[in-house]
Each structure stands twice: as C-alpha cells, then as structure tokens.
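S.K.: What follows is each chain in one-letter form.
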Amino acid sequence: EAGVTQFPSHSVIEKGQTVTLRCDPISGHDNLYWYRRVMGKEIKFLLHFVKESKQDESGMPNNRFLAERTGGTYSTLKVQPAELEDSGVYFCASRRDGSGEQFFGPGTRLTVL
Amino acid sequence: KQEVTQIPAALSVPEGENLVLNCSFTDSAIYNLQWFRQDPGKGLTSLLLIQSSQREQTSGRLNASLDKSSGRSTLYIAASQPGDSATYLCAVRRVNNFNKFYFGSGTKLNVKP
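Residue numbers (my numbering), protein chains in the order written: chain W, 1 to 113; chain X, 1 to 113.
A portion of the hints provided could be inaccurate.
[Claimed, not checked] Under the rule of at most 16 Å between Cα atoms (straight-line distance), these lysine to aspartate or glutamate pairs were calculated in the EDC-like manner: (1) 44/W x 84/X; (2) 54/W x 30/W; (3) 41/W x 85/W; (4) 15/W x 83/W; (5) 108/X x 39/X; (6) 108/X x 84/X; (7) 78/W x 57/W; (8) 68/X x 56/X; (9) 41/W x 3/X; (10) 1/X x 83/W; (11) 108/X x 42/W; (12) 51/W x 97/W.
Hints are computed from structural coordinates only; laboratory data are not their basis.
Chain W with its partners taken away, still in its complex shape (with noise of 0.2 Å):
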C-alpha cells in the first residue's frame, strides 16, 4: 500500500508568488490533515477534511492560504501571495474512518525568499 505522497518536495519561490502544494492520501483515506513547521517552531495543525468537506479549517493563518480537495480524492494548499513568514516545512496526513492513526507524508519544504 502506497504512502501518503506530497508534492514538490522542495520549493524556492519569491515573496508575492503563488505556490500550490499537493497532496495524495492513502487510498481509501477519508480523513486529510495539513500541518506545518516553520522555523524553529513545533508542528501546527492547519485544517482537516473529510472526504471534500473542510471538517476544521481553525488553523490556517489567514486568507492567503487556500486548501481543497476536490472529489474528496487529493488536496492541494495554495498560498497567494506568499510572504517571507510562509516558509517552513508543510505535512500532509491522512486517516481512515474507525481508525485512530494518522499516517504523514514526507513533507513540502517551501523556502520564500
């Protein structure tokens, strides 16, 4: 069973840019958090979907970072216009229904220079 895969892996954009980051949950994996970690930080939630419905959208910073998931399938994050403070490592973690454990990917590092 393939993990759960985030994509790009690295990205280096400038401030004021737009940044879409992806990622694909187990499948089957009704359940779809983002977290992130910026510098020196612990990791913070930032929303969970249930299939495409946003379940908790409580912590995402403000109205540049947009997240989706349409057919309830993948979910993108966009961040528009990204600022210096937006860099930092971006996780994705899916979790079946029933079950308590939530699976992450490898993470997203976005550097905003």
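Dock chain X against the given chain W, drawing on the hints supplied.
M.R.: Quick look at chain X alone, frame taken from chain W:
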C-alpha cells in the same frame, strides 16, 4: 489550550547508552499520546501510541510511559545505536477533538559511534 513541551531540545550520547526523552503537556484531557521519529528530509514515522487509559507501550528497544494526571510522558531508548539518530516528536490529541495533533518542538538525538 494544550501546550506540549519536550526536554531536552538536543541530546548527544555515545552508542550503547540508555536514554530518556521527556514530554509534558498542560491539559490532561487527552485522547492519546504518540511518539514520532523524523529523519532529515523525511516524514514522520509513528513509533508508539499510548491511549489515555494506558500507562505504557513497548516496541523493541523503545518504551513509552504515560502519566496523564501529571501531564508527562517519557520515551526510553535502550542500548542506543547510531541509526537512532533523528528528531523525536511527542504529540497529543485532546478528548474533545481527536483529529488535531498538538506537537512538541522535538528532541534532536545524535548517537555517536
């Protein structure tokens, strides 16, 4: 609000030593506690998961304990090896929202050959 603290932030030991990593959390109403390992450039690998009703879990050379009332968990690594070098993360989920992880900032372990 749930805050998770890990001590020490970094640890360097010679191969073969037994060691203890510490994690504390402020809100004892947890659903479970999980220890993860993160290797550079890789995702999070789950090591041990302790449900709130449990006191400890063991897997090979790893043993994790949980004292919910005092808000503490320890991860014990026996006979450390250079391959154990990684960042170890502690994370809890709360009873009222088990979908959201609260992470500590991690302990970076270096085991010297």
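S.K.: Does the structure keep residue 41/W and residue 85/W at a Cα separation of 16 Å or less?
M.R.: holds, 12 Å
S.K.: For residue 108/X and residue 39/X, compute the direct alpha-carbon distance and say whether it is at most 16 Å.
M.R.: Given that 16 Å is the threshold and the Cα spacing comes to 10 Å, the pair holds.
S.K.: Within a Cα-Cα threshold of 16 Å, do residue 54/W and residue 30/W meet the stated pairing?
M.R.: The given pair, whose Cα atoms are some 12 Å apart, holds under the 16 Å limit.
S.K.: CA of residue 15/W to CA of residue 83/W, is that 16 Å or under?
M.R.: holds, 5 Å
S.K.: Next pair to validate is residue 68/X with residue 56/X; report whether the Cα-Cα distance is within 16 Å.
M.R.: Between residue 68/X and residue 56/X the Cα gap is close to 11 Å, so the pair holds against 16 Å.
S.K.: Take the C-alpha atoms of residue 41/W and residue 3/X, compute the straight-line distance between them, and say whether it is at most 16 Å.
M.R.: OK: residue 41/W and residue 3/X at ~12 Å, within 16 Å.
S.K.: Keeping to a limit of 16 Å between CA atoms, is the pair of residue 51/W and residue 97/W held or broken?
M.R.: Since the Cα atoms of residue 51/W and residue 97/W sit roughly 10 Å apart, the hinted pair holds (cutoff 16 Å).
S.K.: Between residue 78/W and residue 57/W, is the straight-line Cα distance small enough, at 16 Å or below?
M.R.: Within the cut-off at roughly 14 Å; holds.
S.K.: Residue 108/X and residue 84/X were given as a pair; does the straight-line alpha-carbon distance stay at or below 16 Å?
M.R.: holds, 10 Å
S.K.: Regarding the pair residue 108/X and residue 42/W, is the alpha-carbon distance no greater than 16 Å?
M.R.: Holds: residue 108/X and residue 42/W sit about 13 Å apart, inside 16 Å.
S.K.: Against the 16 Å threshold, does the CA-CA distance of residue 1/X and residue 83/W hold or violate the hint?
M.R.: violated, 27 Å
S.K.: Going straight from one Cα to the other, do residue 44/W and residue 84/X come out at no more than 16 Å?
M.R.: With Cα atoms ~25 Å apart, residue 44/W and residue 84/X exceed 16 Å; violated.
Checked against the numbered hints given earlier, the structure breaks hints 1, 10 and satisfies all the rest.
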